[in-house]
Each structure stands twice: as structure tokens, then as C-alpha cells.
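Visitor: Residue-level listing of the chains:
There are 2 protein chains.
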Amino acid sequence: MSKASHLKDIGLKATGPRLTILELFENSETRHLSAEDIYRKLLSDEVDIGLATIYRVLTQFEQAGILVRHHFESGKAVYELNQGGHHDHMVCVGCGTVTEFFDPEIERLQERIAKQHGFAIQDHSLYLYGECAECQSRRAPGKR
Amino acid sequence: MSKASHLKDIGLKATGPRLTILELFENSETRHLSAEDIYRKLLSDEVDIGLATIYRVLTQFEQAGILVRHHFESGKAVYELNQGGHHDHMVCVGCGTVTEFFDPEIERLQERIAKQHGFAIQDHSLYLYGECAECQSRRAPGKR
DNA sequence: AGCCTTTATGATACAGAGAATCACCGCACC
DNA sequence: GGTGCGGTGATTCTCTGTATCATAAAGGCT
Numbered sequence: 156m157s158k159a160s161h162l163k164d165i166g167l168k169a170t171g172p173r174l175t176i177l178e179l180f181e182n183s184e185t186r187h188l189s190a191e192d193i194y195r196k197l198l199s200d201e202v203d204i205g206l207a208t209i210y211r212v213l214t215q216f217e218q219a220g221i222l223v224r225h226h227f228e229s230g231k232a233v234y235e236l237n238q239g240g241h242h243d244h245m246v247c248v249g250c251g252t253v254t255e256f257f258d259p260e261i262e263r264l265q266e267r268i269a270k271q272h273g274f275a276i277q278d279h280s281l282y283l284y285g286e287c288a289e290c291q292s293r294r295a296p297g298k299r
Numbered sequence: 156m157s158k159a160s161h162l163k164d165i166g167l168k169a170t171g172p173r174l175t176i177l178e179l180f181e182n183s184e185t186r187h188l189s190a191e192d193i194y195r196k197l198l199s200d201e202v203d204i205g206l207a208t209i210y211r212v213l214t215q216f217e218q219a220g221i222l223v224r225h226h227f228e229s230g231k232a233v234y235e236l237n238q239g240g241h242h243d244h245m246v247c248v249g250c251g252t253v254t255e256f257f258d259p260e261i262e263r264l265q266e267r268i269a270k271q272h273g274f275a276i277q278d279h280s281l282y283l284y285g286e287c288a289e290c291q292s293r294r295a296p297g298k299r
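Those protein sequences? They're chains A and B, same order as listed.
Here my numbering = 1-based position in the first sequence + 155.
Here my numbering = 1-based position in the second sequence + 155.
Mixed in with the good hints there might be a few duds.
Pairs involving identical chains hold if they fit within one copy or between any two copies, as the list cannot separate such chains.
[To be verified] With a cut-off of at most 20 Å between alpha-carbon atoms, the simulated SDA-like pairs for lysine to any residue come out as follows:
(1) Lys270 with Phe256
(2) Lys270 with Leu198
(3) Lys270 with His244
(4) Lys158 with Arg211
(5) Lys231 with Ala207
(6) Lys270 with Thr252
(7) Lys231 with Tyr282
(8) Lys270 with Ala288
(9) Lys270 with Arg293
(10) Lys270 with Gly249
(11) Lys270 with Ser292
(12) Lys163 with Gly285
(13) Lys270 with Cys290
(14) Lys270 with Cys250
(15) Lys231 with Cys250
(16) Lys270 with Ala295
(17) Lys163 with Arg211
(18) Lys158 with Phe256
(19) Lys231 with Ser280
(20) Lys163 with Gly220
(21) Lys158 with Gly220
(22) Lys270 with Val248
To be clear, the hints were calculated from the coordinates, so they are not data collected in a lab.
Let the sequences and hints guide you as you build the complete structure.
Guide: This is the structure in C-alpha cells:
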């Protein structure tokens, strides 16, 4: 299915900005992008899309399930392509790198805890913050 | 140890606003308070503390380890008394109630995953969002 | 107690992320 | 080829939270 018809299927016109932003996610090295990231990236590519449009499109894509939104500690929201599999995130406080992981055991334990409290989970967020291997050795070479 | 000397020990003068805010946390029904919550609570108690002061004091208390800060999905930061034991949170999207829990197994698994990636955890945040038992039965009485 | 230095306070201005507004544009449909 | 309607982008607004700065209050000292 083409990108254009994919957008139409969810009730959104296949406009220039929307296709551009979608392609940006598909071609980006870094999976996780903030509105600002996208804005600046497009500016440097000589593509002029207003910041308001970017926020709008990101929100629409999130509601349509094309993107998933995360709030890391930075305070600003980042988005990534929704490729089906749920996963959690490990964020390096040194370089900002985001590593994804999935642990079925943790998922199961969360469900068990919720059940114990009569709580119906709709969503959850698990972020590990710390230092990645590269940043550790950069900071203390020789060690470890 | 008195509250006043506790504050002095961490290098903070025992001023009115600081003692008031500390007592508010100790006497509050709801463990988790935002700056706004505190501001409005104090206003209704005829205590006039500037919002700037509240933000400052909260930040200082967090740095001193007296309070712990959380970012739920609401976007605004909430604080709770740091009473030693780490725990995670379950937030009801219906009524906003926050339930605390601790699962040593989940903690252990997080550490294992980090180690597998050579990642040194400094901190983590785990929030479960969903509907609490009360809200479920309120929405669909009779069911479940 | 009274002085004096330091720190805290509160009003206000500012900053940054993101949402709302609104005139204009352009595509789809008649 | 008009016309209607959703989409766009410039701008304004809102909401948290921070920085500024003149004034006030703590706490040490005598």
C-alpha cells in the first residue's frame, strides 16, 4: 500500500507536509524525533514546513497509530514509528542515545501487580536512565 | 530531630515557607502534590506564599533528598515525601488516584537488562496508566 | 537585645513546549 | 472553471517552570 493511500485510509489527505514527515521518520537514522528535531531537519533540507503543522501532524499520526509518543526526562515529547512491537526504553543521560528493549517477564509482572489491585492497565511507561557503555569508558578510560 | 534543625543540617534556613510546605506534605491526605496543588491549598488556608517560592523550595527539597519528583502524563511535576523505600506508581486515568507498589522481581529484571547492554542505571521510572477498580465499576456498574 | 551579613522571599518578567486562532491556499468535486 | 472544505503557516495564547531584583527575614556576633 502506498503512503498516500495509507494516509487516506485513516481519514487524512495525502498532503505534502504529511508525506514529508512520514518519509523523514522512515529514512531517519535516529528513530526518536521531537517536533523541534523535525523542524530543524526540514529547514536544513530547504523544506519549509511551519512548526504548527509539525505539531498538528505529529498529533494526528499519534492518534492514527502511525507514531508512538514518549516523554523522556528532557521534558519534550519524542515520537517514533509504531512498528507493532511494544518495547521500553533505556536513555543515556550522557549522550542521549536511546536503546530499546523488551522483556516479556517484566510485562507479565506488571499485569500481575495491576490485577492484584483490581487495576485495568491501558498503558505503561518504563524508562531506565543511566550511562551507556560508551559514555562510561569515555568518562573513565581504562576502567571497566 | 526537629524540622527546623533538619533543614539547617542540609544548609537551608528554617524559614516560614519551608516549614509550612514541609508540614503540608506531612499532613496531606494525598501523598503526591504539584506546585499548583500546594499553592492553592495554602491560599485556601490563608497562607500567602508566592508561587516562585514554592517552586524554589520544591527544587531544594528534591536536591536535599527530602522529596522525590515524578512526571506523570499530566505534564506537570508532582512531589512526594521521600520515605526511603523506592516504589513505582500506578495512575488512574479516571480519577487521578495514585497507587504505589514495589516489585523486587521487576527491579531485578531491570538491572539484568541494563547489564546485558553494558548500561549503568542511575534511575528509572515505571508508571502504569489505567483504570482503578472504583472507576471501572462506576463506569460499568454490575459488570465485574 | 541590636547590628550586620547572608540568604530567602515575592512580584514580575521571561523562557520553552505546545495548542488555539484565523486568514489564505489548494485540491477535490460539481 | 467556480465553489467548498480541509490543510497550512504566521501568529498569538496558555501553561509550567525559571531568572531577576528589590525588599525582608534568619542567624551569627558582640
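Visitor: None of the hints should be skipped; say for each whether it holds.
Guide: Here is how each hint holds up against the structure:
1. Lys270 with Phe256: between (24 Å within a copy, 12 Å between copies)
2. Lys270 with Leu198: neither (48 Å within a copy, 39 Å between copies)
3. Lys270 with His244: between (24 Å within a copy, 14 Å between copies)
4. Lys158 with Arg211: For Lys158 and Arg211, the Cα distance is within 20 Å only inside one copy (18 Å; across copies 49 Å).
5. Lys231 with Ala207: For Lys231 and Ala207, the Cα distance is within 20 Å only inside one copy (15 Å; across copies 22 Å).
6. Lys270 with Thr252: For Lys270 and Thr252, only the inter-copy Cα distance (16 Å) is at most 20 Å; the intra-copy one is 34 Å.
7. Lys231 with Tyr282: both (15 Å within a copy, 18 Å between copies)
8. Lys270 with Ala288: Result: close only across copies, 10 Å inter versus 36 Å intra.
9. Lys270 with Arg293: Intra 44 Å, inter 18 Å, cutoff 20 Å: inter-copy only.
10. Lys270 with Gly249: Only across copies: Lys270 and Gly249 sit 17 Å apart there, 37 Å inside one copy, limit 20 Å.
11. Lys270 with Ser292: between (42 Å within a copy, 15 Å between copies)
12. Lys163 with Gly285: neither (41 Å within a copy, 31 Å between copies)
13. Lys270 with Cys290: between (39 Å within a copy, 15 Å between copies)
14. Lys270 with Cys250: between (37 Å within a copy, 18 Å between copies)
15. Lys231 with Cys250: Answer is within; shortest intra-copy Cα gap is 16 Å, inter-copy 25 Å.
16. Lys270 with Ala295: between (44 Å within a copy, 18 Å between copies)
17. Lys163 with Arg211: So Lys163 and Arg211 pass the 20 Å test inside one copy only (16 Å; across, 49 Å).
18. Lys158 with Phe256: neither (28 Å within a copy, 43 Å between copies)
19. Lys231 with Ser280: both (15 Å within a copy, 16 Å between copies)
20. Lys163 with Gly220: Answer is within: at 14 Å inside a copy they meet the 20 Å cutoff, but 52 Å across does not.
21. Lys158 with Gly220: Result: close within a single copy only, 14 Å intra versus 50 Å inter.
22. Lys270 with Val248: Between. Shortest inter-copy distance 16 Å satisfies the 20 Å Cα cut-off; intra-copy 33 Å does not.
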